[in-house]
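Visitor: Next come the chains, spelled out residue by residue.
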Amino acid sequence: MEPATARVVIIGAGHAGSNAAAFLRQYGWPGEIILLGEEPVLPYHRPPLSKAWLKGEATAESLALRPAEFYGKQHVTLHLGTPAEAIDRGAKTLRLAGGEALAYDHLILATGARARRIPLPGADLPLVHTLRNAADADRLKAGIGPGRRVVVIGAGWIGLEVAASARALGAAATVLEAQDRVLARVASPALSAFVDAAHRRRGVDLRLRVGIEAIEPDAVRLADGTRIPADLVLLGVGAVAEDALARAAGLAEPGGGIRVDGSARTADPAIHAIGDCTIRPLPGGAMGRLESVPSATEQAKQAAADLCGRPVPAPEVCWFWSDQYELRIQVAGLAQGAAQGVVRGDPAAGDRLAVFHLDAAGAVQAVEAVNAAPEFMAGKRLIALGRPVPAARLADPATPLAALATA
Amino acid sequence: MPKVTYIEHNGTEHAVEVPVGLSVMRGAVDNNVPGIDADCGGECACATCHVFVDPAWEARTGTPSEQEASMLSFAATKQDNSRLSCQIEMTAALDGLVVRMPEAQH
Numbered sequence: 027m028e029p030a031t032a033r034v035v036i037i038g039a040g041h042a043g044s045n046a047a048a049f050l051r052q053y054g055w056p057g058e059i060i061l062l063g064e065e066p067v068l069p070y071h072r073p074p075l076s077k078a079w080l081k082g083e084a085t086a087e088s089l090a091l092r093p094a095e096f097y098g099k100q101h102v103t104l105h106l107g108t109p110a111e112a113i114d115r116g117a118k119t120l121r122l123a124g125g126e127a128l129a130y131d132h133l134i135l136a137t138g139a140r141a142r143r144i145p146l147p148g149a150d151l152p153l154v155h156t157l158r159n160a161a162d163a164d165r166l167k168a169g170i171g172p173g174r175r176v177v178v179i180g181a182g183w184i185g186l187e188v189a190a191s192a193r194a195l196g197a198a199a200t201v202l203e204a205q206d207r208v209l210a211r212v213a214s215p216a217l218s219a220f221v222d223a224a225h226r227r228r229g230v231d232l233r234l235r236v237g238i239e240a241i242e243p244d245a246v247r248l249a250d251g252t253r254i255p256a257d258l259v260l261l262g263v264g265a266v267a268e269d270a271l272a273r274a275a276g277l278a279e280p281g282g283g284i285r286v287d288g289s290a291r292t293a294d295p296a297i298h299a300i301g302d303c304t305i306r307p308l309p310g311g312a313m314g315r316l317e318s319v320p321s322a323t324e325q326a327k328q329a330a331a332d333l334c335g336r337p338v339p340a341p342e343v344c345w346f347w348s349d350q351y352e353l354r355i356q357v358a359g360l361a362q363g364a365a366q367g368v369v370r371g372d373p374a375a376g377d378r379l380a381v382f383h384l385d386a387a388g389a390v391q392a393v394e395a396v397n398a399a400p401e402f403m404a405g406k407r408l409i410a411l412g413r414p415v416p417a418a419r420l421a422d423p424a425t426p427l428a429a430l431a432t433a
Numbered sequence: 004m005p006k007v008t009y010i011e012h013n014g015t016e017h018a019v020e021v022p023v024g025l026s027v028m029r030g031a032v033d034n035n036v037p038g039i040d041a042d043c044g045g046e047c048a049c050a051t052c053h054v055f056v057d058p059a060w061e062a063r064t065g066t067p068s069e070q071e072a073s074m075l076s077f078a079a080t081k082q083d084n085s086r087l088s089c090q091i092e093m094t095a096a097l098d099g100l101v102v103r104m105p106e107a108q109h
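Protein chains in written order, with our numbering: chain A, 27 to 433; chain B, 4 to 109.
No lab work stands behind these hints: they were computed from the structure.
Among these hints, one or two may not hold up.
Pairwise CB distance ranges, derived in the manner of DEER restraints [unchecked claim]:
| id | chain 1 | residue 1 | chain 2 | residue 2 | range |
| --- | --- | --- | --- | --- | --- |
| 1 | A | 115 | B | 61 | 42 to 50 Å |
| 2 | A | 125 | B | 72 | 37 to 45 Å |
| 3 | B | 61 | A | 352 | 29 to 37 Å |
Short derived list, chain A residues pointing at chain B, Cβ under 10 Å [what the hints assert, rightly or not]:
| id | residue |
| --- | --- |
| 4 | 45 |
| 5 | 49 |
| 6 | 52 |
| 7 | 153 |
| 8 | 339 |
| 9 | 398 |
| 10 | 399 |
| 11 | 431 |
Listed below are several chain A residues computed to face chain B (Cβ distance under 10 Å; list not exhaustive) [unchecked claim]:
| id | residue |
| --- | --- |
| 12 | 41 |
| 13 | 48 |
| 14 | 71 |
| 15 | 88 |
| 16 | 95 |
| 17 | 315 |
| 18 | 317 |
| 19 | 318 |
| 20 | 324 |
| 21 | 347 |
| 22 | 354 |
| 23 | 356 |
| 24 | 400 |
| 25 | 402 |
| 26 | 405 |
| 27 | 408 |
What you are looking at is a predicted structure, and each value in this text was computed from that prediction instead of being measured.
From the three backbone atoms N, C-alpha and C, an ideal C-beta is built for every residue, glycine too.
The whole structure should be built from the sequences, with the hints applied where relevant.
Guide: Here it is, written out as structure tokens:
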């Protein structure tokens, strides 16, 4: 264990950073913990920004990850509106905005991700928005309402969630996607098809395989010359690791992101990195980014455990969720590279879908579920168990999940 | 203010005050009680705020909704008194509630 004077500084007060502060105290870190947040507000839940917050169903209080008094009670020094500007790894010192120096014994980088921008004429017009933080969400909220025409560029999770919220708020929604299906990067074709149909059924004008020529002050112009009138445009074309600080300190990969191991350690023994800014070990052994709250929480645990001299938790089954309309989408594991996809039940029967993805040995490596919590939970368990499951029994709703998923 | 006692898997007890209207999950998170992760923030999407309700309190905490029961159905450590603590709302009648945490949340 470290001396009681050791100071951990955490840069970034999102899910990853603020959870790391909490876990450090839970695990008995005896020294100082300083949490630096760039934004002026208490650390908050990010997932509701595109959903409940946008629809006016959440309050600042319900959005906060923890109440203001938490930090004092836990002896965590929280500096909001305080971005770090440089890391001096040799001197183990940060330079803060304003020039102040801050020494650290251990540093945790939790700088998150920022919205990807694409070089599109008109992309900096005032009607164009991106969505990463609460300030973005407030601007977006002010522009979405009955009769407004919202055009979303990119049919990924954020884009589709905003389209669903826009419809719920009475706005018209058009979604433009360059690929031949929605969620092309993150979902199987079966889930893409299901989500596609759900949006069209609820009045979203969804256009696939479209190229965009330019954004104009009141429209989006497509490559084929079509003009789609717009009051507001959301660019939802992915996120890139916010690694500028790490890059200047020689800790970022050429292609972006901070490489870490299963204990969230970077190449510098005094620096851990967690959350969306990292390139981390993935299920199956590859390295990659995993942008999700559960992954941020898991890595926060890894870093805190490592610093406190506790065993680092066993690799988790990664998972993710999205709410669109009355659809609850839950995904566990990674479907990429699966040998076989098994649909359980009849997806045409209603607002419900479950797809299990089996690896070459016949074990479940991923599950995608829509309004199918039992299948999601059973799938998560099967992924953890890692043993082959007969595909035919998995596909047959008459075979109880309990018979397959209880060891 | 009503109190809840959270008992970690290793037996460590945490008695904290939880305001009426907040969930039992929120009471744990707001007081940094170990053993409740609450990844999804109370959306009943993750089952990482799983607790065992002390038998003396089961009748007063009620029964899980269908969504909650589904999420619990394949929890590795499920028992008859399993609940997701984000789905138990604190009331004055729950003053003194005792819940225990499983060894791990996934």
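Visitor: If a hint holds in the structure, say so; if it doesn't, say that too.
Guide: Hint by hint, here is what the structure shows:
1. A:115 x B:61: 42 to 50 Å: With Cβ atoms ~54 Å apart, the hint is violated.
2. A:125 x B:72: 37 to 45 Å: 56 Å, violated
3. B:61 x A:352: 29 to 37 Å: 31 Å, holds
4. 45: Since the shortest Cβ distance to chain B is 9 Å, the answer is holds.
5. 49: Holds. Min distance 8 Å.
6. 52: 4 Å, holds
7. 153: It is violated, given that the least Cβ distance between residue 153 of chain A and chain B is near 31 Å, above 10 Å.
8. 339: 8 Å, holds
9. 398: 8 Å, holds
10. 399: This hint holds: residue 399 of chain A lies near chain B, its Cβ roughly 4 Å from the closest one there, short of 10 Å.
11. 431: Holds, about 5 Å.
12. 41: For residue 41 of chain A, the interface hint holds, since the closest Cβ of chain B sits about 9 Å away, which is under 10 Å.
13. 48: 5 Å, holds
14. 71: Holds. Min distance 5 Å.
15. 88: Hint on residue 88 of chain A: holds, closest Cβ of chain B at ~8 Å, below 10 Å.
16. 95: 9 Å, holds
17. 315: 18 Å, violated
18. 317: Hint violated; residue 317 of chain A Cβ to chain B Cβ min 14 Å, cut 10 Å.
19. 318: Residue 318 of chain A check passes; min Cβ-Cβ to chain B is 9 Å, inside 10 Å.
20. 324: 9 Å, holds
21. 347: OK, holds: residue 347 of chain A within 10 Å of chain B, min 4 Å.
22. 354: Nearest chain B Cβ about 7 Å off; hint holds.
23. 356: 6 Å, holds
24. 400: Holds: closest Cβ of chain B sits about 5 Å from residue 400 of chain A, inside 10 Å.
25. 402: 8 Å, holds
26. 405: 9 Å, holds
27. 408: Holds, because the Cβ-Cβ distance from residue 408 of chain A to chain B comes to roughly 9 Å (cut-off 10 Å).
Of the numbered hints stated above, those contradicted by the structure are hints 1, 2, 7, 17, 18, listed in ascending order.
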